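With the sequences and hints as input, model every part of the structure.
8 protein chains.
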Amino acid sequence: MKTTDDIGFAKVDTDRLQRRGMPEVVFSPGKTTPQILGIMQSLIKAGQNVYATRATLKQYNELKNDLPELVFHETANAITMDITPLPEPSGLVTVVCAGTSDLPVAEEAALTAERLGAKVERVYDAGVAGLHRIIPHIELLRKSRAVIVVAGMEGALPSVVGGLIDRPIIAVPTSIGYGVSHNGMTALMAMLSSCVPGISVVNIDNGFGAGVSAAMINRTVNS
Amino acid sequence: MKTTDDIGFAKVDTDRLQRRGMPEVVFSPGKTTPQILGIMQSLIKAGQNVYATRATLKQYNELKNDLPELVFHETANAITMDITPLPEPSGLVTVVCAGTSDLPVAEEAALTAERLGAKVERVYDAGVAGLHRIIPHIELLRKSRAVIVVAGMEGALPSVVGGLIDRPIIAVPTSIGYGVSHNGMTALMAMLSSCVPGISVVNIDNGFGAGVSAAMINRTVNS
Amino acid sequence: MKTTDDIGFAKVDTDRLQRRGMPEVVFSPGKTTPQILGIMQSLIKAGQNVYATRATLKQYNELKNDLPELVFHETANAITMDITPLPEPSGLVTVVCAGTSDLPVAEEAALTAERLGAKVERVYDAGVAGLHRIIPHIELLRKSRAVIVVAGMEGALPSVVGGLIDRPIIAVPTSIGYGVSHNGMTALMAMLSSCVPGISVVNIDNGFGAGVSAAMINRTVNS
Amino acid sequence: MKTTDDIGFAKVDTDRLQRRGMPEVVFSPGKTTPQILGIMQSLIKAGQNVYATRATLKQYNELKNDLPELVFHETANAITMDITPLPEPSGLVTVVCAGTSDLPVAEEAALTAERLGAKVERVYDAGVAGLHRIIPHIELLRKSRAVIVVAGMEGALPSVVGGLIDRPIIAVPTSIGYGVSHNGMTALMAMLSSCVPGISVVNIDNGFGAGVSAAMINRTVNS
Amino acid sequence: MKTTDDIGFAKVDTDRLQRRGMPEVVFSPGKTTPQILGIMQSLIKAGQNVYATRATLKQYNELKNDLPELVFHETANAITMDITPLPEPSGLVTVVCAGTSDLPVAEEAALTAERLGAKVERVYDAGVAGLHRIIPHIELLRKSRAVIVVAGMEGALPSVVGGLIDRPIIAVPTSIGYGVSHNGMTALMAMLSSCVPGISVVNIDNGFGAGVSAAMINRTVNS
Amino acid sequence: MKTTDDIGFAKVDTDRLQRRGMPEVVFSPGKTTPQILGIMQSLIKAGQNVYATRATLKQYNELKNDLPELVFHETANAITMDITPLPEPSGLVTVVCAGTSDLPVAEEAALTAERLGAKVERVYDAGVAGLHRIIPHIELLRKSRAVIVVAGMEGALPSVVGGLIDRPIIAVPTSIGYGVSHNGMTALMAMLSSCVPGISVVNIDNGFGAGVSAAMINRTVNS
Amino acid sequence: MKTTDDIGFAKVDTDRLQRRGMPEVVFSPGKTTPQILGIMQSLIKAGQNVYATRATLKQYNELKNDLPELVFHETANAITMDITPLPEPSGLVTVVCAGTSDLPVAEEAALTAERLGAKVERVYDAGVAGLHRIIPHIELLRKSRAVIVVAGMEGALPSVVGGLIDRPIIAVPTSIGYGVSHNGMTALMAMLSSCVPGISVVNIDNGFGAGVSAAMINRTVNS
Amino acid sequence: MKTTDDIGFAKVDTDRLQRRGMPEVVFSPGKTTPQILGIMQSLIKAGQNVYATRATLKQYNELKNDLPELVFHETANAITMDITPLPEPSGLVTVVCAGTSDLPVAEEAALTAERLGAKVERVYDAGVAGLHRIIPHIELLRKSRAVIVVAGMEGALPSVVGGLIDRPIIAVPTSIGYGVSHNGMTALMAMLSSCVPGISVVNIDNGFGAGVSAAMINRTVNS
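Chains as they are written, first to last, in our numbering: chain A, 42 to 264; chain B, 42 to 264; chain C, 42 to 264; chain D, 42 to 264; chain E, 42 to 264; chain F, 42 to 264; chain G, 42 to 264; chain H, 42 to 264.
Just so you know, the hints here were simulated from the structure itself, not pulled from any lab data.
This one's a predicted model, so the numbers in the text were calculated from it and none came from an experiment.
Built from N, CA and C at the ideal position, the CB exists for glycine as well.
Watch out, some of these pointers could steer you wrong.
Claimed, not checked - Simulated restraints, written as ranges between beta carbons of each label pair:
id, chain 1, residue 1, chain 2, residue 2, range
1, D, Leu-98, G, Arg-183, 54 to 60 Å
2, F, Thr-97, H, Lys-160, 47 to 53 Å
3, H, Leu-108, D, His-173, 37 to 43 Å
4, G, Gly-71, C, Asp-123, 24 to 30 Å
5, C, Pro-128, H, Thr-97, 41 to 47 Å
6, E, Asp-107, F, Glu-180, 39 to 45 Å
7, G, Gly-71, B, Lys-99, 28 to 34 Å
8, F, Gly-71, A, Ile-85, 47 to 53 Å
What the hints assert, rightly or not - DSS-like cross-link-like pairs, simulated, lysine-lysine; straight-line CA separation at most 27 Å:
id, chain 1, residue 1, chain 2, residue 2
9, H, Lys-184, G, Lys-160
10, G, Lys-184, H, Lys-160
11, A, Lys-184, A, Lys-160
12, E, Lys-184, E, Lys-160
Okay, here's the thing in structure tokens:
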């Protein structure tokens with residue numbers, strides 16, 4: 042059985058849906074628009090849904106000529122096109138976000154988890170400097186199957202949230218900050234050094250990875 | 042209601058069991074034996090189970106004089122004493138380990154997850170250089186609710202395991218290696234850079250944190 | 042006028058009291074006991090108080106032979122001997138500390154501020170994972186002239202405290218932690234990256250420097 | 042009582058004035074002009090003064106269309122608009138600066154301290170290579186309640202100033218330099234390593250944070 | 042005998058062919074088009090083949106005016122012009138590549154090895170997340186005299202390939218990735234930390250160096 | 042067919058000889074003497090030669106009690122015991138070494154290559170500061186199938202040797218040096234940055250890996 | 042006596058000529074053209090020669106409008122205008138350079154030393170990979186009072202030159218290279234780690250500083 | 042003519058005296074006492090003076106048995122034995138030192154320069170925090186042919202000294218400090234970033250290298 046589609050410059054892994062529980066996702070940076078188009082067409086041919094992350098409006102506008110049904114998600118910087126219906130939302134993943142500038146990463150995480158079948162709630166702009174903004178959401182957090190916490194700068198928010206709940210936290214450091222923020226390295230190191238157990242961490246700005254992890258946790262309920 | 046026990050040098054957080062779903066755990070390094078003893082006695086007084094990580098045989102032998110019921114877990118370097126019965130093992134967490142030297146971290150993860158109610162399976166000595174050792178365990182991995190992958194040196198094992206399954210992976214880099222292994226930093230960076238989504242990472246040698254995350258995922262099934 | 046006392050291996054800066062508002066303080070590491078003794082005797086000869094930081098019990102026991110009036114401060118790892126009375130305590134400096142292992146740094150800060158004339162309050166074992174432990178102290182913090190916050194690991198405590206008060210905070214990262222804590226670098230970088238303004242930071246484990254800064258702030262009230 | 046104004050993409054913390062002693066300040070980088078405008082309008086609606094840091098002339102010109110009363114501070118790269126009168130200048134904060142290229146950071150610090158009620162004096166272009174330029178200002182420095190020292194490259198100026206006075210110093214490393222200056226990291230590390238106690242440090246180029254710290258120190262006099 | 046051609050700004054090492062077994066190769070970045078042209082003309086005058094790496098289409102178009110026989114290799118970003126016939130392809134070097142974005146580095150390696158006399162086979166898009174794509178090529182890999190493995194992100198591919206064969210592997214980390222990939226440093230460190238012996242590593246994105254090493258190995262057979 | 046020998050704490054990969062062309066080698070650091078003994082006995086039971094690297098004289102003396110035929114190689118810090126005869130030496134690998142302190146790494150490389158069938162020549166104490174010491178050996182270097190160059194400090198030797206010959210060079214940085222040598226990182230980075238193509242690099246102090254790579258190159262001649 | 046000229050944004054240190062033996066030099070990056078013009082005019086007013094480093098052709102063309110006698114040095118990226126005659130060239134400083142791309146730094150060093158009274162010889166394009174290019178110049182190097190060696194990438198050239206002569210070497214790392222060259226850090230670290238004593242090092246690309254150091258050495262002869 | 046003495050483990054470079062103007066010097070760390078003894082005996086046999094740096098009292102006591110005329114220099118941690126008379130002291134090198142803990146490095150520099158023929162003056166304990174201690178020595182500094190400045194922590198002293206004189210400065214960072222001093226890296230980076238030209242830098246704690254550079258400068262006067 043043929044499970045990869047060889048399109049010259051790339052073998053599209055159309056079998057991934059079965060092996061990994063989700064279709065191949067296009068990471069847009071560093072790919073030309075024709076390369077992205079080729080991969081998208083392979084997926085469509087295989088009857089699989091299209092999801093491209095870190096896409097620009099410009100790329101979307103170019104791709105739309107050939108694939109007019111593509112949808113652009115502005116804050117999440119994502120392009121999607123659903124050949125088959127998405128899974129029915131179930132369970133609960135909550136995405137907590139520290140600041141306006143972290144929104145694109147948070148939305149990428151939320152969109153990813155939703156596309157993989159999770160019901161997603163968003164708690165945005167809940168920074169460490171304003172703890173009073175988190176308190177009202179404790180009940181929501183405590184009933185989530187997984188909580189994604191997105192933060193840049195000193196990356197303290199996952200520790201604060203983690204101290205309040207007993208649910209698995211996926212922490213996402215963002216590259217927001219300047220000077221010793223070091224493009225997210227300080228937030229990453231701080232999250233990994235957290236004195237609160239139950240927090241695991243993904244790469245800087247990796248909202249997609251956090252969304253996948255959270256969705257995988259969210260659906261263990263049926264396994 | 043009094044929820045912390047002030048013993049002079051530390052306030053033992055005896056309320057943590059309710060707030061966080063597990064009692065306070067003693068991180069032994071940098072604490073004197075009398076300090077550890079004091080915290081243990083506070084926990085016992087509160088009717089909570091004792092669990093000290095990164096303990097040495099020497100510390101155990103000293104503590105045993107006052108608390109003869111303490112148990113030492115040799116590979117995991119842990120001390121325990123259970124006042125109340127542990128939760129019945131349920132679900133499934135699998136711990137995969139790359140080499141002999143990584144065993145203490147793997148065992149700390151396994152013991153932690155077990156103490157928090159998870160049924161735990163161990164797949165040890167499954168290095169990247171011997172992929173044929175992982176293949177026989179794929180079915181076990183695919184039915185686990187969470188998989189902990191422990192590896193030092195180049196930290197490639199989580200990527201390899203992650204490419205084969207659709208379950209959430211908690212990757213634990215270890216400080217095993219020399220030269221550019223940089224005491225686990227290279228394994229950590231590699232795991233965070235993994236091309237496989239669904240992997241989240243904890244601090245170097247943090248088997249305890251991985252065990253907590255996996256156990257939290259494991260019990261979401263009942264939420 | 043002679044303002045330095047040349048004792049062969051070092052010129053003791055006995056004029057510092059006037060120029061800088063405090064006598065020279067002995068940083069003990071890397072000095073031999075005879076060297077420390079020589080500096081202490083120079084200070085005593087000049088009628089100035091003796092204060093040696095990062096001293097060991099062993100050094101104290103050796104020095105006591107020649108200077109039996111020396112006092113050892115166990116948690117702060119300091120040696121003192123007061124020729125002239127210390128300034129009357131005034132104002133208010135509060136030292137907040139995140140964990141048992143951070144106590145030596147916190148005590149060095151507190152002792153230093155006290156010796157420079159500050160009334161000092163201590164709020165210890167107030168970690169990020171237990172915010173409920175800080176809340177009862179907010180009024181104390183809000184009426185302090187300066188607040189010293191000592192924390193290792195992810196170094197999040199200054200941000201949390203800073204979000205609650207409008208007083209200047211001196212943050213002290215400690216070398217407590219493992220793995221990516223990098224001997225305090227992560228806490229340091231996190232504190233410098235704080236999203237809360239009004240926090241300034243000193244070197245890792247530099248309780249002495251924090252105490253001096255806080256005491257200088259504390260006495261501006263009379264200037 | 043409603044204390045945050047939810048404007049879709051951000052909750053403006055209009056209550057901060059009471060809790061923290063100053064209104065929310067807009068950090069402009071990474072925000073779109075409409076986002077900045079929205080936050081400004083929320084603040085104005087709440088009767089609070091507007092202060093945006095690290096703004097560009099281009100942003101100012103765009104914002105002026107909607108808010109023609111905005112003022113642009115060219116060297117400080119700041120935008121302000123004062124709904125209520127600023128506090129009467131009191132006390133004394135002195136800003137010392139090492140070179141022409143450090144002026145924007147120094148001016149941001151000075152403007153911030155002024156807006157928070159401090160009388161501010163400026164001693165600019167006082168580099169280490171020209172110590173004779175600092176000497177004439179010693180009396181001014183010695184009567185300041187707090188001194189902000191701004192320097193790039195080797196960051197030696199705070200040590201030199203600190204050796205001459207007994208007032209709290211807030212050191213601000215700047216990203217000025219090349220090669221091993223590492224965008225301010227060397228100046229930062231040098232300032233933190235200073236052999237002179239009483240110096241605390243803020244993030245690279247963080248003139249705003251230094252201004253807030255100094256202003257908080259400056260007003261303790263009334264507490 | 043004159044073996045360097047002095048063209049004002051550079052001495053072209055036309056003797057290198059004998060000493061090092063290959064003519065001087067032009068590294069294009071940081072050189073102006075006239076500088077590249079001058080070096081090329083020196084080589085042609087000496088009867089040696091022209092090979093410029095990391096060239097852009099723009100540079101090629103400019104150079105073509107003076108040297109219309111130049112050939113542009115699009116994926117490899119190389120310019121060539123062969124005055125004398127290339128050596129007959131012999132032996133076997135296989136280039137394995139992990140992802141679409143790594144193709145330019147892989148092609149530079151392949152082209153270089155070919156120009157130095159190696160028969161080259163390409164196995165592209167064989168990532169760690171899809172091990173099933175490598176398995177079909179094991180026989181090819183096992184009969185190669187040297188294998189070049191190109192990978193970015195976590196750089197795990199050389200370890201995986203190395204575990205399967207007994208041939209020397211030249212690993213090439215690429216700058217593909219984001220966040221903690223650190224422009225290829227993580228892949229580089231991981232490759233150097235590999236638990237599989239027989240892997241040696243070249244600089245990030247250094248396809249040229251890998252091609253030279255592999256070609257040198259490939260022709261030892263005749264020595 | 043059984044190809045791993047499970048001895049409780051480790052599965053000895055006795056099949057490696059066929060798959061990888063050499064038996065499993067014991068990396069001694071971090072293993073207890075009983076663990077090393079167990080692995081050695083498994084190898085002996087499988088009729089394979091024993092080779093333990095980075096062993097100490099103390100470990101050797103302990104192991105000798107159970108395996109009196111073990112041989113200790115003092116400079117190379119290795120233990121061997123040959124059940125079957127080693128391959129006949131063939132081809133030529135030359136090991137070049139920069140200083141007395143680098144000898145253990147050089148000898149580990151030489152011994153490893155010899156055990157894998159290479160004829161090995163040694164050119165020791167040939168530092169960059171004494172180029173006149175290398176010149177007499179150029180002919181030897183030029184007829185080697187692979188050259189291993191071992192150097193610490195600034196790591197310049199591989200560039201110098203590489204400029205003189207057209208054979209593949211495996212460069213081994215050592216941890217010899219102080220200050221900015223950074224335990225071998227500077228030598229490693231310098232070797233990877235070499236302006237001479239045809240040099241590939243292994244981990245710091247990894248004489249074993251260099252020996253394996255060189256031996257693999259050395260025997261391609263028969264493939 | 043007035044020794045600084047206050048021009049609003051900068052105090053030009055016109056007294057430096059006497060104190061430091063050379064007039065103030067303008068470091069152009071980060072300064073606006075009007076700022077550079079202002080400083081130049083202050084120097085001219087004080088009868089001192091103008092020397093601006095790291096200037097662009099664009100800056101030169103703008104400045105020429107007001108100061109038509111300015112001279113642009115293309116390779117050195119410098120602007121000069123000599124009000125008083127330069128010192129008569131004396132002594133001997135030799136500048137050795139490794140590659141075409143390092144020329145701007147080498148020329149800045151040479152021009153600086155010349156302007157400070159040194160006779161300067163240039164040995165360019167003398168890379169480590171072509172040692173035969175250095176040998177012919179040994180006599181020149183041995184009679185120089187100071188030798189400046191400029192190199193990027195692995196920075197090995199100073200070690201090689203240093204091993205041949207007994208004159209003080211000022212090594213200048215350049216930012217030429219890619220990947221682990223880390224913008225000159227590897228060359229810098231390698232030069233500082235050199236096994237050859239008598240080499241001291243300046244900041245990356247700091248041809249100016251090297252020229253000053255060499256010229257200061259060159260003129261000690263008259264002291 | 043035989044110019045190296047092959048003693049089995051090392052070729053002693055007895056020709057270095059002519060080529061480099063000084064005999065080979067023994068760097069003691071990492072060498073066994075018999076190795077050091079062997080090198081010393083080779084030098085003595087060749088009629089050359091013995092100089093071993095970074096030696097311990099223990100090594101000296103062991104070596105004295107075979108070479109009773111050896112002299113131990115306690116602060117400089119050096120061993121010497123002079124077969125031929127040292128050169129007559131001439132010229133002037135001044136060594137400036139910032140603190141008691143930096144003395145061993147300063148003394149190594151001073152002793153080295155003296156052995157290579159320089160008259161040496163010492164200005165010790167002249168820290169940045171006590172500028173008044175440097176001022177009295179300005180005339181001495183201004184008439185030195187070279188000035189060596191030794192400093193740890195923030196490494197600011199060379200900038201301060203450099204701003205006062207027009208003589209070449211060799212700056213030596215020391216590993217004295219804690220936390221972000223990073224074992225001398227911060228002092229090193231700060232010295233390289235100095236805003237004062239005419240300062241060149243050697244490796245951390247490299248008093249020997251600084252002494253050689255200064256002595257080479259000191260004797261150019263006769264060239």
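Here is how each hint holds up against the structure:
| no. | hint | result |
| --- | --- | --- |
| 1 | D:Leu-98 with G:Arg-183: 54 to 60 Å | holds, 57 Å |
| 2 | F:Thr-97 with H:Lys-160: 47 to 53 Å | holds, 49 Å |
| 3 | H:Leu-108 with D:His-173: 37 to 43 Å | violated, 53 Å |
| 4 | G:Gly-71 with C:Asp-123: 24 to 30 Å | violated, 51 Å |
| 5 | C:Pro-128 with H:Thr-97: 41 to 47 Å | holds, 46 Å |
| 6 | E:Asp-107 with F:Glu-180: 39 to 45 Å | holds, 42 Å |
| 7 | G:Gly-71 with B:Lys-99: 28 to 34 Å | violated, 58 Å |
| 8 | F:Gly-71 with A:Ile-85: 47 to 53 Å | holds, 52 Å |
| 9 | H:Lys-184 with G:Lys-160 | holds, 23 Å |
| 10 | G:Lys-184 with H:Lys-160 | holds, 23 Å |
| 11 | A:Lys-184 with A:Lys-160 | holds, 12 Å |
| 12 | E:Lys-184 with E:Lys-160 | holds, 12 Å |
The structure shown violates the earlier hints numbered 3, 4 and 7.
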